[in-house]
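Protein chains: 2
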Amino acid sequence: MRPSKREELIEKSLFVFDQNGFHATGMDLLSAEIGMSKTSIYNHFRTKEDLIVEVLRLQDEQFRNWLLRRMYDLGTANHGGPREQLLAMYDALDEWFNHDNFNGCLFLKATGEYSEHDHPIHRQAIEHAEMFEIQLLALVKKASLRLPELVTRQLLILKDGAISAAQVGHIKSAAKDAKYAAQCLIDTHDTSKRKPVQTSFAF
Amino acid sequence: MRPSKREELIEKSLFVFDQNGFHATGMDLLSAEIGMSKTSIYNHFRTKEDLIVEVLRLQDEQFRNWLLRRMYDLGTANHGGPREQLLAMYDALDEWFNHDNFNGCLFLKATGEYSEHDHPIHRQAIEHAEMFEIQLLALVKKASLRLPELVTRQLLILKDGAISAAQVGHIKSAAKDAKYAAQCLIDTHDTSKRKPVQTSFAF
DNA sequence: GAGTTATTAAACCGATCTGTTCATTTTACT
DNA sequence: AGTAAAATGAACAGATCGGTTTAATAACTC
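First to last, the protein sequences are chains A and B.
For the first sequence, position 77 (counting from the first letter as 1) is numbered 77 according to the working numbering, and the numbering increases by one without interruption.
For the second sequence, position 90 (counting from the first letter as 1) is numbered 90 according to the working numbering, and the numbering increases by one without interruption.
Under the rule of at most 20 Å between Cα atoms (straight-line distance), these lysine to any residue pairs were calculated in the SDA-like manner:
{"#": "1", "chain 1": "A", "residue 1": "Lys176", "chain 2": "A", "residue 2": "Phe102"}
{"#": "2", "chain 1": "B", "residue 1": "Lys172", "chain 2": "A", "residue 2": "Met131"}
{"#": "3", "chain 1": "B", "residue 1": "Lys48", "chain 2": "A", "residue 2": "Asn20"}
Reference listing, derived: stretches of chain A covered by chain B, where coverage requires no fewer than 3 residues with Cβ under 8 Å from a Cβ of chain B:
{"#": "4", "stretch": "108 to 121"}
{"#": "5", "stretch": "128 to 135"}
{"#": "6", "stretch": "142 to 155"}
{"#": "7", "stretch": "159 to 173"}
To give an idea of the chain B side of the interface with chain A (calculated C-beta under 8 Å), a few residues:
{"#": "8", "residue": "Gln19"}
{"#": "9", "residue": "Asn103"}
{"#": "10", "residue": "Phe107"}
{"#": "11", "residue": "Ser115"}
{"#": "12", "residue": "Gly161"}
{"#": "13", "residue": "Ala162"}
{"#": "14", "residue": "Gly169"}
Don't read these hints as lab results, they were simulated from the structure.
Note that beta-carbon positions come from the ideal geometry of N, C-alpha and C, so glycine has one too.
Given only the sequences and the hints, what does the whole structure look like? Please build it.
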């Protein structure tokens, strides 16, 4: 009984909310879906919102752990360094997109359904984004890129854009498209490369 | 009475759904919010879903019209060509992000709340993405870029990623960050520029 | 094995959900 | 001004919402 009943409840709720949406998932349906009585759920959590916050906390931890670990594993495979790890982010995303249960970014959906900025659920989603940005920035700095803050934000934009494209456009190539774009960006900001072309006018 | 009551209803509903979410907006609240009796609403639309589909249709039309028009106006201001229009997309997005009522992408939220792929609401969102992609591709081709389909998808990823970043991270610089990235991409694929650096390995 | 603790199903609560009904008032046209 | 159409508020229906209660059962602890 190592995964406590509570953890199991959060884990299964995570799946249901992700597939079904937050408002669209009633507590009766959730209870039936995860195979646990409503009484028990409310014995662990005071309200549905409390449960959702906890679900987002778990997803934050799981997603960041998984992605960073996958970036490291894929990126260091062929004696790669920080640059390869950064690019491996999009390979990891590709794996995610091709999972049967891929259904977009839970945090984005959370901010969409709970749009008040100071709502606990909304804030939890923001917190995830901030924490991942910090971790990614550290890696970008290790890659010795110019303007690391800018590059970090751009890599995040490519990541979130790819997720959106995969969700609404069902574009199979989204992760690869983003990866090529990231290569272009990283090359441009690589201090070990010749002078960058950052001009604005083509004509 | 030029804007028919029906159009007015859709327009105001668009605002409420955008600010409040779909499931979270009950028909009684919607009725009160837009100042029209529930009886009248249901006289124009058979179901809430029908109304939402119509709302998305309107938003599709309005958003594509606004963005493409704004790209043209901003992009051709200083004798700019297709390239400047493409880049102006992110300036237009910047204006949008700084509106008081900016609340993320309605289509993305729609797919999040109605995740079944064949749901009319979900399909309507997908249709929007497809139509805008077609229009953007036409402009990319006018800009004489190599691999126009790829570049189009990448520019879309940057656009959607910027929207996500502006929504969940509240990152003020999202549009500018995306624009710099787009410049980098476009320069790389510009046929009138020297050979592109598309190598994958830095070490 | 007794006693505490956790979990269960099911009924229940008031509020809210989507959608309807209906009698009344407002609007629009000639 | 007179008539037909449109819009209204308010009550209503049945289902579901988030959440509670209760009494019985299962599981762990000493």
